[in-house]
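The C-terminal position of the sequence shown is numbered 1000 in our numbering, with every residue numbered one higher than the one before it.
Treat the hints loosely; a few may be bogus.
[Unchecked claim] Simulated restraints on C-beta separations: (1) MET824 with TYR873: 17 to 25 angstroms; (2) ARG855 with ARG908: 30 to 38 angstroms; (3) GLY947 with PRO859: 15 to 23 angstroms; (4) ASP910 with ARG855: 13 to 21 angstroms; (5) LYS872 with GLY947: 15 to 23 angstroms; (6) ALA935 with GLU871: 30 to 38 angstroms; (7) GLU857 with GLY904: 19 to 27 angstroms; (8) GLY856 with ALA935: 18 to 26 angstroms.
Hints in this document: simulated from the structure, not taken from any laboratory.
All C-beta atoms, glycine included, are put in the ideal place defined by N, C-alpha and C.
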Amino acid sequence: MMEVKAQERGLVRLFSVDLPEGDVEAFGRMDRGEGPLTDALGAGPIDEKYVEIFPVESLDDVGLSGYLVDGLGVPAEQLAGEKARLDGLQGHVLVLLSGAFGGREVTFAPRAPLRWIGTYAEAGTPVHFESLPAGGAAAQSGVATDAPRRASRVPVYVGIVILLLIVLGFILLGRGR
824 MMEVKAQERG
834 LVRLFSVDLP
844 EGDVEAFGRM
854 DRGEGPLTDA
864 LGAGPIDEKY
874 VEIFPVESLD
884 DVGLSGYLVD
894 GLGVPAEQLA
904 GEKARLDGLQ
914 GHVLVLLSGA
924 FGGREVTFAP
934 RAPLRWIGTY
944 AEAGTPVHFE
954 SLPAGGAAAQ
964 SGVATDAPRR
974 ASRVPVYVGI
984 VILLLIVLGF
994 ILLGRGR
């Protein structure tokens, strides 16, 4: 049984896919995260963006261990005792990243045609703190600056008086007729 915690991040699960060349594509085909692959994993649905199935031979000179290190960020030290075994694999492999489970807690038991090879942790990105620019975080005195002054209301009052005079003018003109 394999367990995936809801908060799991950065794990790479590697499986061999023991199928004839012609059957691999159909095995990996999914519809809404479900298909023969999820049936064999015993854990579905999964997010296809975090799943890769490919022939090991396609890695040419890099090898599977090189792909895990350079392509997926697994520290080389983690593979030190397994490099020869990984690079000696043939056929197709399944790379299943933590994100495939969408943050769900899952327990699954892979079965044929999948065979578990190993689970590896991606290297974490080191945190780097830089100094703030000079004065960027300088303390402030706490003294309030002058608040912006309110705009004068004189133009508003003048506008109201003019409007009243116009209305009064119309009223007086209307009486004079």
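For each hint, the structure was consulted:
{"no.": "1", "hint": "MET824 with TYR873: 17 to 25 angstroms", "in the structure": "holds, 20 angstroms"}
{"no.": "2", "hint": "ARG855 with ARG908: 30 to 38 angstroms", "in the structure": "holds, 35 angstroms"}
{"no.": "3", "hint": "GLY947 with PRO859: 15 to 23 angstroms", "in the structure": "violated, 34 angstroms"}
{"no.": "4", "hint": "ASP910 with ARG855: 13 to 21 angstroms", "in the structure": "violated, 36 angstroms"}
{"no.": "5", "hint": "LYS872 with GLY947: 15 to 23 angstroms", "in the structure": "holds, 21 angstroms"}
{"no.": "6", "hint": "ALA935 with GLU871: 30 to 38 angstroms", "in the structure": "violated, 21 angstroms"}
{"no.": "7", "hint": "GLU857 with GLY904: 19 to 27 angstroms", "in the structure": "violated, 36 angstroms"}
{"no.": "8", "hint": "GLY856 with ALA935: 18 to 26 angstroms", "in the structure": "holds, 21 angstroms"}
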